[in-house]
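Chemist: This is what each chain is made of:
There are 2 protein chains.
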Amino acid sequence: MIEPRILEVRTRILKKNDELARAMRDRFAAAGVLVVNMVSSPGTGKTALLRETLARLKARGVPVAAVVGDLETDNDARRLAESGAPVRQIMTHGLCHLEADMVERHLEGWDVDALHFLFIENVGNLVCPTSWDLGESVRAALLSVTEGEDKPLKYPGLFNTSDVAVITKVDLAGPCDFDRAAAHANILAVRPGMRIIEASVRSGAGVEDWIDYLLDRRRALTAPA
Amino acid sequence: MIEPRILEVRTRILKKNDELARAMRDRFAAAGVLVVNMVSSPGTGKTALLRETLARLKARGVPVAAVVGDLETDNDARRLAESGAPVRQIMTHGLCHLEADMVERHLEGWDVDALHFLFIENVGNLVCPTSWDLGESVRAALLSVTEGEDKPLKYPGLFNTSDVAVITKVDLAGPCDFDRAAAHANILAVRPGMRIIEASVRSGAGVEDWIDYLLDRRRALTAPA
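Protein chains in written order, with my numbering: chain Y, 50 to 274; chain R, 50 to 274.
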């Protein structure tokens with residue numbers, strides 16, 4: 050059980066994180082940088098979707114960059130760098146989530162204000178990243194068709210705090226007997242009205258819907274008030 | 050970042066958990082109960098494999114029971130109860146892992162000593178459950194073919210502390226372009242000599258290998274020294 054003392058320390062640390070994240074979000078928004086925090090289970094396909102996203106935005110001349118969190122290995126940063134975009138790995142060495150100061154430190158030396166998009170690929174985990182604001186304007190919860198339709202009900206915290214749900218690997222929907230209606234219903238039960246995008250990097254289906262969503266969100270961020 | 054004070058409190062709580070877990074393991078072993086802690090990502094198929102395991106062991110007259118952890122919902126307990134075995138749900142309400150005292154409390158009223166197997170299905174998470182000993186004799190790390198072959202390298206803590214790796218959903222290996230040799234090499238890189246079992250509940254492949262492994266482990270537990 051969580052003891053009162055650890056709760057108290059945790060509350061203080063979360064508060065500090067929230068303050069830093071809020072300052073980062075204000076700074077990014079003023080510079081017109083849309084920050085996107087991508088959260089999912091291990092193996093949902095965050096890296097594959099992000100690599101494709103970076104490549105497609107870059108091909109249109111949109112300035113993009115990414116930081117990617119993992120406990121160990123820089124496999125994901127290497128995979129993402131294939132897109133040609135600037136990418137940095139954050140190794141957490143056992144920590145189950147990213148925190149705002151880790152992101153901030155890994156941006157040092159980059160001309161962040163010149164970016165239109167900064168993507169943060171979180172550690173693969175449906176629980177812990179939920180509590181940690183990274184200064185993002187968009188939190189995307191990814192869910193693959195291989196994982197089962199009830200994940201939003203089991204992990205409501207993530208879906209509740211996210212702006213968009215992306216159902217990935219839809220090319221595998223058939224072999225996995227994926228129940229699309231149940232998945233949508235479960236997402237909407239947790240967060241009514243949530244925007245849901247279905248995509249497959251392998252088949253290409255829906256990836257442009259995701260790109261359009263991101264471009265729309267950035268337009269909203271930079272539109273005169 | 051983890052502050053020194055939270056580390057200190059965490060160390061104390063982990064130590065208390067370890068002491069309880071050790072006492073539980075001794076008690077279970079003396080009673081001939083093999084306790085199996087199943088850990089994986091959300092969506093790897095822990096519940097499906099466990100339901101099949103409970104049903105097959107029960108059909109042979111082996112006394113079995115299970116407790117299952119989730120943040121919210123008792124979906125998994127209801128799915129597992131279809132096996133006819135006694136099952137209890139542990140709802141963690143946001144906590145990302147099970148702890149020994151949660152397991153102990155949920156066994157109250159059961160004649161645990163009469164069991165041959167007690168299964169614990171952990172919260173879906175590759176990171177946090179690693180640090181929490183639940184008094185198990187066997188820790189099983191599950192990995193599905195849909196998740197990618199590099200998970201053991203990214204989450205070495207789990208594979209390092211586990212006794213057996215179970216690769217699940219092998220009926221989907223083809224559609225997922227699963228690289229079997231790479232997965233085995235990555236598991237063995239993290240834990241040389243680790244026992245690897247490949248299984249699919251849907252096709253039935255390998256499930257008996259898993260059952261045989263469990264029966265062997267229990268025989269070893271109850272064999273006269």
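Hints in this document: simulated from the structure, not taken from any laboratory. These figures come from a predicted structure and were not determined experimentally. Take the hints with a grain of salt, since some may be wrong.
Intra- or inter-copy, both count: the list cannot distinguish identical chains.
[Unchecked claim] For lysine to any residue, the following SDA-like pairs were computed, each having C-alpha atoms within a straight-line distance of at most 20 Å:
#	residue 1	residue 2
1	Lys-64	Gly-143
2	Lys-65	Arg-54
3	Lys-64	Leu-144
4	Lys-107	Leu-237
5	Lys-65	Glu-121
6	Lys-65	Ala-230
Chemist: Hint by hint, say whether it matches the structure.
Modeler: Going down the list of hints, with the structure as the test:
Proximity of Lys-64 to Gly-143 under the C-alpha cut-off of 20 Å is restricted to the inter-copy arrangement: shortest distance 18 Å between copies versus 22 Å within a copy. When the C-alpha separation of Lys-65 and Arg-54 is checked against a cutoff of 20 Å, the pair qualifies both within a copy, at 17 Å, and between copies, at 15 Å. Taking CA atoms no more than 20 Å apart as the test, Lys-64 paired with Leu-144 passes in both settings, with 18 Å inside one copy and 19 Å between copies. Proximity of Lys-107 and Leu-237 under a CA criterion of 20 Å is satisfied in neither setting, with 33 Å inside one chain copy and 38 Å between copies.
Taking the shortest Cα distances, Lys-65 and Glu-121 never come within 20 Å of each other, neither inside one copy (26 Å) nor across copies (28 Å). For the homomeric pair Lys-65 and Ala-230, neither the shortest alpha-carbon distance inside one copy (40 Å) nor that between copies (45 Å) is at most 20 Å.
When the structure is compared with the earlier hints, violations turn up for hints 4, 5, 6 and for no others.
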